[in-house]
Amino acid sequence: MKDLLVLSSSPHIKSPETIPTIMFQVCLALLPAIFVGVYSFGVRAAWIILLAVVSTLAFEAASQKLMGRSISIRDGSACVTAILLALNLPPTVPWWLVVIGAFFAIVIGKQIYGGLGHNPFNPALVGRVVLLISFPAQMTLWAFPSHTIFARVTDTLSGATPLGWAKTHVMTHGTLPDTLPFHISQAFLGQTGGCIGEISALALLIGAAFLIWRKIIPWLIPLAFIGTTFLITGAFWVANPQHYLNPVYHVLSGGLLLGAFFMATDMVTNPVTTLGMLIFGIGCGVLTSVIRLFGGYPEGVSFAILLMNATTPLLDRWTRPRVFGEVKKK
Amino acid sequence: MILHHFPGGIHPNDEKGLTAHLPVENAPVPERVFLPLSQHIGAPAEPVVKIGDTVKVGDKIAEARGFVSANIHASVTGVVRAIRDYPNVFGRLAPAFEIETTDDAPFHPKKNREDALSLPPQTLIPFIREAGIVGMGGATFPTHVKLSPPEDKPIDTLIINGVECEPYLTADHRLMLEHPSEILEGIVFLHHILGARFTYLAIEANKPDAIKVMEETARDTKINIVSVPKRYPQGAEKQLIKTLTNREVPTGGLPMDVGAVVQNVGTTFAIREAIRWGKPLIERILTVTGRGIKTPKNLRVRLGTPLSEILNLCGGWKTTPGKLIMGGPMMGINQFDTRVPVTKGTSGILLLPRDEVGEYHPHTCIRCGRCVTVCPMGLLPNFLGSFAEFDRFDDAARYHLLDCIECGSCTYICPAKRPLVQMIRYAKGEVLRRRKKAAKK
Amino acid sequence: MGHYFYVLIGVLLVHNFVFSQFLGICPFLGVSKRLETSVGMGVSVIFVVVLSSIAAFLINRWILVPFKIEYLQTIVYILVIAALVQLVEMVIQKTSPVLYQALGIFLPLITTNCIVLGVAVLITQKKFGLMETAVYSFGAAAGFLLALVLFAGIRERLELADIPWAFRGIAIALVTAGILSLSFMGFSGLVK
Amino acid sequence: MLSEIISLAGIGLLASLGLGIAAKKFAVEEDPRLEKMLEILPGANCGACGFAGCAAFARAVLQETAPPNGCVAGGESTALKVAKLLGKKAEKTERRVAYVACHGDRSVTRQRFIYQGIDNCRAAVNIGGGSKACAFGCLGLGSCQKVCPFGAISIEDDLAKIDPEVCVGCGLCVEECPRDIIHLVPAASTVQVLCSSQNVGKAVKEFCDVGCIGCRRCEKSCPFNAINIVNNVAVVDPAKCRRCGICVEICPQNTIQFFLPIVRKASINSEICISCGRCEKACPFNAITGERGVPYRVSAERCKGCGVCVEACKADAIIMLEES
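Protein chains in written order, with this note's numbering: chain W, -16 to 313; chain V, 508 to 948; chain R, 78 to 269; chain U, 90 to 413.
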């Protein structure tokens, strides 16, 4: 076989971009958020992320071995799922919850559909939503950032995220107070409560800018998603600022940025057409706003993206671009 | 001039630096040439000489059979040794002339039609037809057919395609640098034949020297030299028409449906030679390039020269052999047999070293949508590929499978390294086969 | 007006019959393989549910209650539903033989679609008025159509997926339905 | 009590009235035999009958535009059932099976290049004409396997193999194969040439260790003139072949092989044998010996199972015994 020529169909050159390079760059883009998470919540956050990565890779390898398929943990997609899952967990989360989440994310969310490319739902979100619904107490136990690496995360209280606080306050007091106990700059830099990865808007934006610059993710989905959320929450805020939170908080705090830039843009589960992406982003924004403003949960990003994931096949089907030279039927 | 935008497109490294600076050399006349009867789209030509006949360079040895077909001429002076099955570019055997060279003299023109422009336009077409000229960009569609549009399809735009958007290839580039006035004369002839209102010569922006030379040459004419942006597949017929005129060739249609005719610069040059000197298509310029060849060259080669001769001339493989390609890297045809001859449509010979070829490990589609973004036809190649994989040809046809121009952009960009073009080609073949079968019933 | 909107949203999303009340699972799994069929099924169910609920409401109000024979509720409702389904079947067979073929056994089985009887029973239980009944029954069936269409889209996509043997067919469909159901739980709390 | 009865009956009556009117209005004619027919047919929708699927075939049969024995996949038993349903007599169908006329697997056939592309013969054949050095060889990428609705085809070492026991002879693979090397033959024929190469012997040897080299030994040795070299490859005429297997033994390349491994031997019933000696004369292999007056005997060693003696016997004393 040594000197035989290789023959294939044209084209004979390929772009250097591969699945592992894409996944690696996504991991890279998540580093600022990881850093802020670890800085804010201490070493424990790092352990959670590490545990998520290790258990996710182990589940992926084990399930593929069990099904007699080639093991694909080196393509980096499981790693991205793991990090996203970990970043979507509160820093107080018990270790076994991380493992359960990893199992649902990889095995149920991805492998039984045939692995990367076939899963209709974002695996990390499947893991998170399973946890959120099954273990609501553990999943909503927040901690304020301590900013001391070795601090023990004991100072916990529920409803410490800006969105959660606002929702509880409106429920108990009927209106919002004149001065909020948190500030926009805090949400921007990562000084409010929340999941490990979602607290600092700045860190997320740095990562997102990198991905958009590298053309790894389309800018349209996050723009539509965030823009729609901003507009809807803004409209309610303008109409009744006593009752509804400033839209800037809706954008900067909670999982919106993490979800919009890193999970709604998961290429496997969003539409491939431009119009489809636009509708997808708007849909995510509408659902997120509706759940946040009127629903039982303070946060709706995960549900919104999962629901829109379900519409992806239909969007792909109904938003086929105009083919070059196609004459519109009259 | 306002340029219009076609959807998609990619920006691969153009790699033209390997040969762009090299003047065209005349390759020595080979000892034997092999001229397939079918070097064009349409019916194969019919031999008009017998085994043992002596032929002179430029003699017609096979006649076009039907309208969509092309004559074949002897590319050397010599003796017809055989008309037999010989490997062709598709890796199959097909009938070809084998001519043993006895004299390597070049073609000697018998006439000089200086007055060609005073002849009625329609009388020029037979000269082109007689010379066996086909589209030399690679499509090999008989040129006289393209120049004879039906009455109800008036042509108002003539586009000369000097884009050469395929990476690596520099044959057209060199031709424009070295023979600008001949190309200009060819354009004038084409303009005379078609009577088009607009005449464009499109050149990709990465060839500023060619643009300059052609602009200088065409200074006093009405020919618009247009610098088009560097983007593959800018040189594809439909995309080029869109860029220059904002007209879209309807799906399943031809350029003449929007009043345009596109001719490659190489073809234009050949047309000029045919009309002016009565010179048939017996040689062409091609680029021998890639990191696999010892000395890359631009060569003027007699048709029918086997690949092996050309490889020898350029020093052969420099590295471990990887891929041997006839044409460019995006749409060229892979070869394994160096007996295969140069034909009318061979625009280049590309040698890729083994380490540039890589292994074949396609992943399942991860739906990244990059193929959708780059498709110049606005198709959804990811779905077409998946439908082909599962033999769902009806679905594929509904997704405009047959509009694919097989430019290869989707396959180039695919991070999962899926052979989308091959899948699409397969599905196209199956759709057409099934239609034919259904029509029979 | 707002009240009817809440009734509609409530039954369409929050208490979606398929995803949060788990009714009508049989046709949901059975005819969600192709989008066209599922739309046909969904529309037929809307027709049957709305008509049968209104009929049930009228029968309940004008016959069962006055004669104090509410205990016959179930049997009477089934009678009405069966007759309506028969009618729909005949109409579809006449107007769209292709759809008739595609729906197959699931068309007459609308009779046993729990949603149909479920809606009829629930509107009686909730003591809805005529307009509420119409809105509620339409919302319930539209929710079924929504679930069916979403699900059919995903299943068409799964047809091109390399699913492990053990999970092909109904197994993966049930897993998918489960995840969808989880996502629909995000709506909880929207309407009480 | 009365009100219950009246109201229930009333509702029922109303509903049935409505349905009755609807049934008149939306009546659709449907042949009741169609459903039964669909139950009988295999339901594989293979299309070998020439119609688009089993339902289309069933309709055609009912409209008498297709014969009751038109279902190839179902074979004789289905034909009988269909005919019974229609109250007609079934004509006999001959069972046919497909075989791959190539047995050059990976170990014995050379490659001419490394193929990088999809696992599909029809696509692969367009890349340099296929990577197997022999242009007539099985590409082994499994297009036939994919198209077979009955799972009769397997791919081993880049070579397709058809299980004759499972094959129903629908011919879908025959049509699918881009090399045209799958053939349908009567199931009764047992000797096959497992090569389609039209190359001359020298070229064949260059490509493949087991291809037909056109040496003509089979042609010369066949007692029935049933095997001939056409275009450099041996071809068996199933009408003439008596399955004696001489060619199988003699082929130097092992290209000719038994299809189904059935051994047939002639057996003479000594009670009926009239010792006429006709069989002895007829036997091309000198396998029958005997003397006048004593029942003749078959040498099991020499008998090739061609059955010529059966035809020669005037007393019907010879039968062929089959053993697998």
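Do not rely on the hints blindly, as some may be mistaken.
[To be verified] Quick partial rundown of chain R residues pointing at chain U, CB under 7 Å, derived from the structure:
no.	residue
1	M78
2	V142
3	I155
[As the list claims (entries may be wrong)] Covered stretches of chain W, going by a simulated chain R footprint (3 or more residues, C-beta under 8 Å):
no.	segment
4	90 to 96
5	271 to 282
[As the list claims (entries may be wrong)] Straight line, CA to CA, 25 Å or less: simulated DSS-like cross-link-like pairs of lysine-lysine:
no.	chain 1	residue 1	chain 2	residue 2
6	U	K125	R	K171
7	U	K354	U	K329
8	V	K943	U	K354
Treat the hints as calculated values from the structure; they're not laboratory data. This one's a predicted model, so the numbers in the text were calculated from it and none came from an experiment. We put the CB at the ideal spot given by N, CA and C, even for glycine.
Check: Failing hints, ascending?
Finding: As far as the earlier hints go, 1, 2, 3, 8 are violated by this structure, in ascending order.
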